[in-house]
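*Asks:* Protein chains in written order, with the UniProt record's numbering: chain Z, 1 to 293; chain C, 1 to 282.
Careful, some of the hints might be misleading.
List time: in silico EDC-like cross-link candidates among lysine to aspartate or glutamate, alpha-carbon distance up to 20 Å [claimed, not checked]: (1) C/Lys135 x Z/Glu51; (2) Z/Lys3 x C/Glu64; (3) Z/Lys107 x C/Glu279; (4) C/Lys135 x Z/Asp261; (5) Z/Lys3 x C/Asp144; (6) Z/Lys107 x Z/Asp97; (7) Z/Lys3 x C/Glu176; (8) C/Lys275 x Z/Asp97; (9) C/Lys237 x C/Asp172; (10) Z/Lys3 x C/Asp181; (11) Z/Lys285 x C/Asp191; (12) C/Lys135 x Z/Asp194; (13) C/Lys237 x C/Glu64; (14) Z/Lys3 x C/Glu173.
I should point out that these hints are in silico values taken from the structure, not numbers from a laboratory. Given the structure is predicted, the values throughout are model-derived calculations rather than measurements.
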Amino acid sequence: MEKRALFSSKILPYALLLPQLAITIIFFYWPASQAVWQSFLMEDAFGLTSEFVGFENYRALFAQPEYYRAMVTTAVFSTAVALLSLSCALLLATQADKQLRFAHGYKTLLIWPYAVAPAIAGVLWIFMFHPTLGTLARPIKGLGIDWNPMLNANHAMILLVLSATWKQISYNFLFFLAGLQSIPKSVIEAAAIDGSGPVRRFWTIIFPLLSPTTFFLIVVNIVYVFFDTFGIIDAVTGGGPAGQTTTLVYKVYADGRLGGDLGGSAAQSVILMVIVIALTAIQFKYVERKVQY
Amino acid sequence: MVENRPYRNFLAYLVLTIGIVIVAFPVYLAILASTFDAGTIANGNMPLLPGDQAVTNYTRTIFEGASRTSREPVGGMMLNSFIMAMGIAVGKILISILSAFAVVYFNFPFRKTAFWVIFITLMLPVEVRIYPTYKIVADLGLLDTYTGLVLPLIASATGTLLFRQFFMTIPDELLEASKIDGAGAFRFFKDTLIPLSITTIAALFVIQFIYGWNQYLWPLLITTKSSMQTIVIGIKKMITTQDALTEWQIAMTTAVLAMIPPVLVVIFMQRLFVKGLVETEK
Numbered sequence: 001m002e003k004r005a006l007f008s009s010k011i012l013p014y015a016l017l018l019p020q021l022a023i024t025i026i027f028f029y030w031p032a033s034q035a036v037w038q039s040f041l042m043e044d045a046f047g048l049t050s051e052f053v054g055f056e057n058y059r060a061l062f063a064q065p066e067y068y069r070a071m072v073t074t075a076v077f078s079t080a081v082a083l084l085s086l087s088c089a090l091l092l093a094t095q096a097d098k099q100l101r102f103a104h105g106y107k108t109l110l111i112w113p114y115a116v117a118p119a120i121a122g123v124l125w126i127f128m129f130h131p132t133l134g135t136l137a138r139p140i141k142g143l144g145i146d147w148n149p150m151l152n153a154n155h156a157m158i159l160l161v162l163s164a165t166w167k168q169i170s171y172n173f174l175f176f177l178a179g180l181q182s183i184p185k186s187v188i189e190a191a192a193i194d195g196s197g198p199v200r201r202f203w204t205i206i207f208p209l210l211s212p213t214t215f216f217l218i219v220v221n222i223v224y225v226f227f228d229t230f231g232i233i234d235a236v237t238g239g240g241p242a243g244q245t246t247t248l249v250y251k252v253y254a255d256g257r258l259g260g261d262l263g264g265s266a267a268q269s270v271i272l273m274v275i276v277i278a279l280t281a282i283q284f285k286y287v288e289r290k291v292q293y
Numbered sequence: 001m002v003e004n005r006p007y008r009n010f011l012a013y014l015v016l017t018i019g020i021v022i023v024a025f026p027v028y029l030a031i032l033a034s035t036f037d038a039g040t041i042a043n044g045n046m047p048l049l050p051g052d053q054a055v056t057n058y059t060r061t062i063f064e065g066a067s068r069t070s071r072e073p074v075g076g077m078m079l080n081s082f083i084m085a086m087g088i089a090v091g092k093i094l095i096s097i098l099s100a101f102a103v104v105y106f107n108f109p110f111r112k113t114a115f116w117v118i119f120i121t122l123m124l125p126v127e128v129r130i131y132p133t134y135k136i137v138a139d140l141g142l143l144d145t146y147t148g149l150v151l152p153l154i155a156s157a158t159g160t161l162l163f164r165q166f167f168m169t170i171p172d173e174l175l176e177a178s179k180i181d182g183a184g185a186f187r188f189f190k191d192t193l194i195p196l197s198i199t200t201i202a203a204l205f206v207i208q209f210i211y212g213w214n215q216y217l218w219p220l221l222i223t224t225k226s227s228m229q230t231i232v233i234g235i236k237k238m239i240t241t242q243d244a245l246t247e248w249q250i251a252m253t254t255a256v257l258a259m260i261p262p263v264l265v266v267i268f269m270q271r272l273f274v275k276g277l278v279e280t281e282k
C-alpha cells in the first residue's frame, strides 16, 4: 500500500529519520553485533585480553548440564504459564462476553494487573506464600505439606508460575474478549436454531473461530515468559534454589554479571536472538498481521 | 445473546466474581500489610482487616525509606521512575512519529531499507543484548543518568509501526487539499497530521508510560547510586534473603506505592489503554 500524493525533498526525510535511526544503530545494532562478535571471543582471567576462539563458547555452553537444565526450566515454565493463563482468561472472557449488568466494571476489575510490574507481582506473591509469614502458606502447612519455596525447587517453580500467570491473565482476557466480540452473532444464532446447546456451540463454532487469537496469544505468552518474567524470577527466587529456577534469560544475566563469563553470556544471547527471531517468524507466517511491505 | 436463562447468567456472575477476588487478593494483602507494624506481620498471623499504622508506614516509606536495608526515601525513587517513564513515553512518541512521517509521506531512495532497519528491532527485546548495551552506555558515560535509563529503551519499532499504520488510513485527498492550499511538509504535519493522530498518540503514551514505569532489568544494571534507583528496583533491595533484615511493612507499602500510578492510568484511561495494547500488538 502506498500513498498517491507524496512530498519530495532531498534532505527532509533523512532529517526526520535521523533520531530514530541514530538511537537504533547505537543502542540496537551495535550492541547486537557486539554480542555476536563477543560470542566468538574468550577473555583471559583478568579480562585484559581476548582471543578469537571460534565456536568454543558455544561448545562449552552445550557441554554444561546447567544449560540444558535452564532449557528444561524455561520450557516447563512457559508451557505451564501459557496453558494456565490462557485457559483462565478464556473462561473469564466467555463469561464476560454474556449480556451482564456491570459488564464494564467486571472488565476493569480484571484488566488492571497488566499495569503491575513483574518484579512487584513477584513481591506480592512471595509475601503471600512466604514460608514463615505468608497468609496462604499457613493453610498449606496445615495440610501437612512442608511448604518452602526458598528450599524446594518444585515449590519455587509453582510460585513463579502462579505469579507470572496472575500478571498475564489480564492481557489474554482482553484479547480473548475482543476475539469473542468479533464473532458474528448470526453464526451462533443459526447454530442455536439448529438445536446445538451452549457447550457444543462453544467447541464447534466459537473455539475454532477464536483460533487465530489463541495462536497469536500462545506466541505472545511464550515471548512473555522468556523475557518479561525476569523481574518475577529475580524477586521471587533469584534463580534458586541451587539454580533450579534459572531460565535462559536469567542465565544470560547471571553468567555475565555474577560469573563474569562474557563470552559465554554473549553466546547465550545469540541463541536467544535466534529463538526470538524464529518465534516472530512463526507469528508472521501464521498469524494475520496488518503490516505489509 | 441466544438464550437468556437466569441460572446461566448467575454462573457467569459467580465465575467473574471469583476471578476478580483471586486477582485482587495479593494486592489486598499488600495493602493490609502496609497498615500494620513489623511485629504483627512477622508473627505470621496477620489479621484480614486493616490495622492503624497506615499513616506511620506511608510517611516513613516516602520520606525515609527502609532503615535496615536500602536507606533511600521512596519518594525520590518514585520521582526517578516517573522521569524514566515520561522520558520513554515522550521520547518514543517523538522519534517514531517523525520517522513514520518520513516513511509514509516522502519518496526517497532507501525508503524500504530505512523501514526494515527500524522494523527488525521489533524482534529483539533489550534482555538479549544487555551486556553489550551496558558497555556502550558505560563508554558514553551515561551510567547513573536519566539519559542512560531512557535512550536504549526507546530504540524499538512499535511506535513507528503504529503511526505508519494510522497514517496509511488517512485519505490521500487531505494531503492533496493541503498541497493545493500551498502547505509544505511541515505545515501539513503540524496542522493536519498531528491533530488527527491525537488519540493514537495518547494510546501509545499510556502503553509506554506503563512499560517505562515497570522496567526492571535495565535500571538494575545501569544504576549504581542509590539516589538513581527506581521504585521497582528499590523494593527488590528491601527484601533480603535474611528474613530478619526485611522490613515487610515498609516493603509492602513501597509495593502499593509502585502500583498506584500505572494502575490508575489503566483504570482511568481504559479506552486508550485497550486501544494502545491492541494496536501495538497487531
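*Asks:* If a hint holds in the structure, say so; if it does not, say that too.
*Replies:* Each hint, compared with the structure:
1. C/Lys135 x Z/Glu51: holds (19 Å)
2. Z/Lys3 x C/Glu64: violated (57 Å)
3. Z/Lys107 x C/Glu279: OK: lysine 107 of chain Z and glutamate 279 of chain C at ~19 Å, within 20 Å.
4. C/Lys135 x Z/Asp261: holds (14 Å)
5. Z/Lys3 x C/Asp144: Roughly 44 Å separates the two Cα atoms, so the pair is violated.
6. Z/Lys107 x Z/Asp97: holds (10 Å)
7. Z/Lys3 x C/Glu176: holds (11 Å)
8. C/Lys275 x Z/Asp97: holds (18 Å)
9. C/Lys237 x C/Asp172: Distance ~54 Å between lysine 237 of chain C and aspartate 172 of chain C Cα, so the pair is violated.
10. Z/Lys3 x C/Asp181: holds (19 Å)
11. Z/Lys285 x C/Asp191: Status violated; Cα separation ~38 Å.
12. C/Lys135 x Z/Asp194: Measuring from Cα to Cα gives roughly 66 Å; hence the hint is violated.
13. C/Lys237 x C/Glu64: holds (15 Å)
14. Z/Lys3 x C/Glu173: Holds, at about 10 Å.
Of the numbered hints given earlier, the model fails hints 2, 5, 9, 11 and 12; all others are met.
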